[in-house]
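There are 2 protein chains.
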Amino acid sequence: MRATTFHGVGDIRVEDVPDSQILAPTDAIVRVTKAGICGSDLHFLHYGDALGMTPGLRLGHEFVGVVEEVGSEVTGLVVGDRVVAPFAFSDNTCACCTLDVQSSCAQGGIFGSPFWGEHAGGQVEGGQAEALRVPQASGTLVKIPNSLASAENDSKVLPLGDVLSTGYHAAVNAGVGPGSTAVVIGDGAVGLSGVISATLLGAERIIHVGHHADRLEIGRAAGATDSINGKEQDVVATVLEMTDGLGADGAVETISSNGTIEQAINVTRPGGHVGIVGMSHFFEEASGQPYAVAFMKNVALHPGVCPSRHYIPGLLKDLEAGKMDPSVVFTHDLALDDAPEGYRIMDQRVDGSIKVALTPGS
Amino acid sequence: MRATTFHGVGDIRVEDVPDSQILAPTDAIVRVTKAGICGSDLHFLHYGDALGMTPGLRLGHEFVGVVEEVGSEVTGLVVGDRVVAPFAFSDNTCACCTLDVQSSCAQGGIFGSPFWGEHAGGQVEGGQAEALRVPQASGTLVKIPNSLASAENDSKVLPLGDVLSTGYHAAVNAGVGPGSTAVVIGDGAVGLSGVISATLLGAERIIHVGHHADRLEIGRAAGATDSINGKEQDVVATVLEMTDGLGADGAVETISSNGTIEQAINVTRPGGHVGIVGMSHFFEEASGQPYAVAFMKNVALHPGVCPSRHYIPGLLKDLEAGKMDPSVVFTHDLALDDAPEGYRIMDQRVDGSIKVALTPGS
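If you read the protein sequences in the order shown, they are chains A and B. All residue numbers for the first sequence refer to my numbering, where the first residue is 1 and numbers rise by one. All residue numbers for the second sequence refer to my numbering, where the first residue is 1 and numbers rise by one.
Keep in mind the hints are simulated off the structure, nothing from the lab. Values in this document were obtained by computation on a predicted structure and should not be read as measured data. Warning: the hint list may mix true and false statements.
Which copy? The list can't say, so a pair holds if one copy fits it or any two copies do.
[Claimed, not checked] Derived DSS-like pairs: lysine-lysine, alpha-carbon spacing no greater than 25 Å straight-line:
(1) LYS143 <-> LYS156
(2) LYS143 <-> LYS323
(3) LYS323 <-> LYS156
(4) LYS317 <-> LYS156
(5) LYS317 <-> LYS143
The shape of chain A in the complex, shown without the other chains (with noise of 0.2 Å):
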């Protein structure tokens, strides 16, 4: 059968592959109707020597098709279902999917990568193919309704195992709801997903950023109320405008890069939220921090300077309430004009010193 392959950076070719075969009783086989080529396959065109690819490997981690073969254990397919795949497989059992954290499926290792084809070292077969198999397929596989079960709804339902979904998931994870203004970062194919996701989560005002006019326009017609062409208008000023100096209660960002990740923060007002789903941080800058960790984990950072008081009232009754006792961080409590000893003896932890009280009139 045919399969799309890596020979190197710069050289992709589709050639003859053995045929797909049951290997785990939790297998099965997928004759592939339509998949996809991901911006992310492009880093690997692009990075793939580095990224430890060998000659061979196979490619491809969007696709939809026709269940062929089940393994004695798969449950809930039978063949000829069609099917839409996830961009990692995934047993939904294991501590991480039940976390709804499929991504980091212990299938791959936990904190590892349950990918397809070109992430897993070759022993996980890719999506542009005509064939593959599929492992813990009863947890991976998705059983398309019959209603948008065939050829001509291929390619609606194609982008909902990556593109769409990732889109998604950074609205979510800008806290986008009813009512709310979302900025849009990117006008490539995750950022025109964040627009139609941020329409599905019922957003009130959609600002759209991009570069490019034509796909400004498809994103307007997706339900971006508003665009802002990067090339053309300064969009932090823009946006700070739109919204009445506040900023957006959270930004889809699909690129990634340090630049638009600081654009994206200062674009949305203070205590909202930036979802970052672009890989731009992996492959193209030496950011210094740890996104590409957090990246692969899901895991949030909030830094946060504290909002005080909006805490105080609660923790007074916490107080009085004889919960605890905060006076513990006080080592030392000095004279008011004792001031400057106090300050050295917290610089210089003098005395075990953690923290210095001054009571004026002592």
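Mind docking chain B on chain A? Use the hints.
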């Protein structure tokens, strides 16, 4: 009256200053009964010149005291009330305050700094003094309930204005709740406050990470169920071992150097959260990432590869309901054997390409 003032790096003094006066009808004058020296004050001690602080600037943003005088528009407070102040003043009515981000109150200019003394260029007085003028007194000050309104309880109430609420904010942002496993990184006053806060929020397991045996002992007394001395043990390996290889639900990160943020990410389970409240990224490292902006605005960053398997079933329902057409992302549809050309078309953006589909057998 006496007040603590800045006179250059390493030069903190207590000197006579003019008595505080009501300048606006929303002001109050508070006689300070106890003030704190904050870890962030040490940053001013070391970096004040670089931060633009000029000689004579008032210091101190943690204080409790008694109301001595109120302006004509102050409501909810009377002379004699014992009060605690947050480390930022706020009107509690602006857009950011209404969104519970009082640290970004418009009184400091949106995204500005409604902070005491040192931060505000000297127009606002500091709390390490016998007394000070409090702007926006009705919104800023919180009356201490009668059962705690006495000098002997000042050292319990004082931490609520900054260090305790900061630890609490980090724990909230780390998603700590009933039954959680939380890691608290840091054994300074904020780290200990993080331990106290995790207990208040109902964490089942609190793993406290520090470098000082005596402080870790205070942490255990305050509710930590486990301690790790980072000088003696590998923090990440130990946490993973304690959590069946998965990691904790959330990390309360109170130092915020690049190293401790990375450590926090590595001890957190997939899908977990890291609350970041330290300030090292401001002063001690050129991080190359805009944490400082996100920190001041409380903008959460959610990097994350999509767990598509989680979203596909719901998105199939939206697709069946005709709520979207995700196929708008495809500009080209080629035969499988044309995959190399498809990569080229996407990579070089031929004919305005956005995304390419491959259809085996076409």
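Taking the hints in turn, this is what the structure says about them:
In the homo-oligomer, the alpha carbons of LYS143 and LYS156 lie at most 25 Å apart inside one protomer (14 Å), although the nearest pairing across protomers, at 59 Å, exceeds that limit. Taking the closest pair of Cα atoms, LYS143 and LYS323 come within 25 Å of each other only across two copies (19 Å); inside a single copy the shortest separation is 51 Å, beyond that limit. In this assembly of identical chains, the alpha carbons of LYS323 and LYS156 lie at most 25 Å apart only when taken from different copies (12 Å versus 55 Å within one copy). Proximity of LYS317 and LYS156 under a CA criterion of 25 Å is satisfied inter-copy only: 12 Å between copies versus 54 Å inside one chain copy.
For the identical chains of this complex, LYS317 and LYS143 are inter-copy neighbours only, at 12 Å across copies versus 52 Å inside a copy, given an alpha-carbon limit of 25 Å.
Hint check: no violations occur; every hint is consistent with the structure.
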